Amino acid sequence: MRVRRHRISKNDHNEPYNWRDLNLGQNLAIYGTVYRLCVCDQFTREWLESEGIELQCPELIPSDPYTLKLIEKNESEKQRMNHSDLKEILPDRLAKQPIISNRKILSMDGKVLRFYAIIDDHDQECDILRKFIIHFYLVDNTIEIREVHRDNDGYDPIGVYLHRQIVPKDSNYNIQSFVNLFINKHEQEKICYFTLEDFAIGRHVTIFNRIFFLYDCDTFTKSFYHQHFGQIDFTPIDIDTKNNNNKPPVQLPPVPPHIMFGKPEDTIQNVKSLLPKPVKKDRIKLMENENRVLRYEAMMDGDCQRKFLIVYRLADDLISVYEKPLDGYGCSTRKFLERIRIPKPDSHPDVPMYYGPNDFYIGAHIELFKHPFIIIDADRYVLKFIEENRLQFSQHVIDSLRQKLCPDNENNNRMETPQL
Numbered sequence: 001m002r003v004r005r006h007r008i009s010k011n012d013h014n015e016p017y018n019w020r021d022l023n024l025g026q027n028l029a030i031y032g033t034v035y036r037l038c039v040c041d042q043f044t045r046e047w048l049e050s051e052g053i054e055l056q057c058p059e060l061i062p063s064d065p066y067t068l069k070l071i072e073k074n075e076s077e078k079q080r081m082n083h084s085d086l087k088e089i090l091p092d093r094l095a096k097q098p099i100i101s102n103r104k105i106l107s108m109d110g111k112v113l114r115f116y117a118i119i120d121d122h123d124q125e126c127d128i129l130r131k132f133i134i135h136f137y138l139v140d141n142t143i144e145i146r147e148v149h150r151d152n153d154g155y156d157p158i159g160v161y162l163h164r165q166i167v168p169k170d171s172n173y174n175i176q177s178f179v180n181l182f183i184n185k186h187e188q189e190k191i192c193y194f195t196l197e198d199f200a201i202g203r204h205v206t207i208f209n210r211i212f213f214l215y216d217c218d219t220f221t222k223s224f225y226h227q228h229f230g231q232i233d234f235t236p237i238d239i240d241t242k243n244n245n246n247k248p249p250v251q252l253p254p255v256p257p258h259i260m261f262g263k264p265e266d267t268i269q270n271v272k273s274l275l276p277k278p279v280k281k282d283r284i285k286l287m288e289n290e291n292r293v294l295r296y297e298a299m300m301d302g303d304c305q306r307k308f309l310i311v312y313r314l315a316d317d318l319i320s321v322y323e324k325p326l327d328g329y330g331c332s333t334r335k336f337l338e339r340i341r342i343p344k345p346d347s348h349p350d351v352p353m354y355y356g357p358n359d360f361y362i363g364a365h366i367e368l369f370k371h372p373f374i375i376i377d378a379d380r381y382v383l384k385f386i387e388e389n390r391l392q393f394s395q396h397v398i399d400s401l402r403q404k405l406c407p408d409n410e411n412n413n414r415m416e417t418p419q420l
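The UniProt record's numbering numbers the first residue of the sequence shown as 1 and each following residue consecutively.
Calculated from the structure, these hints are not laboratory results.
Because the structure is a prediction, the values reported are computed rather than measured.
Everything hinted at is true.
Below, simulated DSS-like cross-link-like pairs (lysine-lysine); rule was C-alpha separation at most 25 Å, straight line:
| id | residue 1 | residue 2 |
| --- | --- | --- |
| 1 | K222 | K104 |
| 2 | K370 | K307 |
| 3 | K131 | K111 |
| 4 | K344 | K280 |
| 5 | K222 | K131 |
| 6 | K263 | K281 |
| 7 | K111 | K169 |
| 8 | K335 | K307 |
| 9 | K384 | K404 |
| 10 | K104 | K169 |
| 11 | K370 | K324 |
| 12 | K324 | K404 |
| 13 | K277 | K263 |
| 14 | K285 | K263 |
| 15 | K222 | K111 |
| 16 | K384 | K285 |
| 17 | K344 | K263 |
| 18 | K335 | K370 |
| 19 | K307 | K344 |
| 20 | K335 | K324 |
| 21 | K335 | K263 |
| 22 | K307 | K324 |
| 23 | K384 | K307 |
| 24 | K404 | K307 |
| 25 | K370 | K263 |
| 26 | K169 | K131 |
| 27 | K344 | K281 |
| 28 | K169 | K222 |
| 29 | K280 | K263 |
| 30 | K344 | K370 |
| 31 | K344 | K285 |
Using the sequences plus the hints, can you model the full thing?
Here's what the structure looks like:
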């Protein structure tokens with residue numbers, strides 16, 4: 001719209017145009033643009049004549065070269081699109097679609113067969129099963145494939161693996177290739193497409209060079225095949241068992257030897273990830289056994305005069321050793337070994353086995369970093385702890401401590417606890 005509806009001045013005195021000023025063959029100046037009145041409609045002619053105005057003869061509107069050229073271009077495009085020879089060489093997908101009978105549309109519309117499949121590729125390096133859902137539309141025999149994704153499966157989260165289309169059995173035939181655009185109609189009719197008889201549980205279906213193994217289907221598919229094909233085995237196939245039987249046994253790489261940096265547990269922990277991480281602690285064990293220790297009295301094998309106090313921390317399995325003062329020397333208790341986890345002498349240095357509460361009993365020989373000790377006594381709390389947790393200790397440990405720490409024995413005095 002070039003000029004909206006309003007009153008327009010016709011001169012410098014702001015006098016507006018009136019209907020008496022309008023006639024054919026007259027120039028109309030509006031805001032610097034001159035419009036030529038050439039033709040009017042029948043209603044306008046009759047109304048002006050009824051008001052006593054004699055209209056001039058209509059004038060021909062001059063032709064516009066640009067408009068004529070645009071009309072010719074549109075006509076040529078319409079003729080090119082309506083060319084009958086081009087439709088004959090186009091494939092069915094780009095030209096006229098095959099006619100489906102109304103009876104088939106009414107009976108099969110909305111009915112879809114659903115099969116569950118995996119890609120059966122024995123040459124693939126990864127052992128992850130890629131699961132798919134194959135939809136077969138009964139109304140036009142088209143196929144759609146959707147992929148079932150799992151968390152962190154390593155594939156793009158694209159739902160539609162193959163859009164709905166008719167699929168030829170010959171995987172080398174591409175319906176959209178340049179060569180197939182000009183195949184004559186008789187050769188196109190020889191192409192075989194997938195039908196519902198080609199799908200069954202346990203079969204391998206090759207769709208565009210991808211081999212799909214059908215292992216299950218839904219309830220509607222089973223009832224449809226029973227109704228049209230009789231008794232068919234629809235027992236689902238366990239694909240997890242099938243895949244595990246084909247896979248070779250997994251061989252984990254050996255743990256590298258300890259390089260004397262940190263602890264052996266650090267070496268075992270750091271081979272599990274690229275970024276070094278500290279060893280995870282048992283938080284529940286730390287909270288349940290906080291400030292709980294087991295105290296044992298020991299003597300050094302070969303030097304019976306030297307007495308020691310072995311303190312075992314239940315929260316983190318750390319052991320500390322204190323040497324008791326000798327009579328007549330006038331010295332106090334001194335620390336012999338800082339608290340640390342002590343490996344057993346017969347364990348492997350890269351995967352050590354550490355001393356635990358079950359290794360300490362009356363008469364036990366303990367070797368702490370080449371220093372031999374013999375357990376000769378224990379605190380009464382040790383017996384109480386063992387009786388509360390009998391399942392964690394052997395009967396030999398329980399009997400040895402009961403004989404030594406019998407409540408009727410008045411000579412068993414509570415051992416002195418050093419100031420830690």
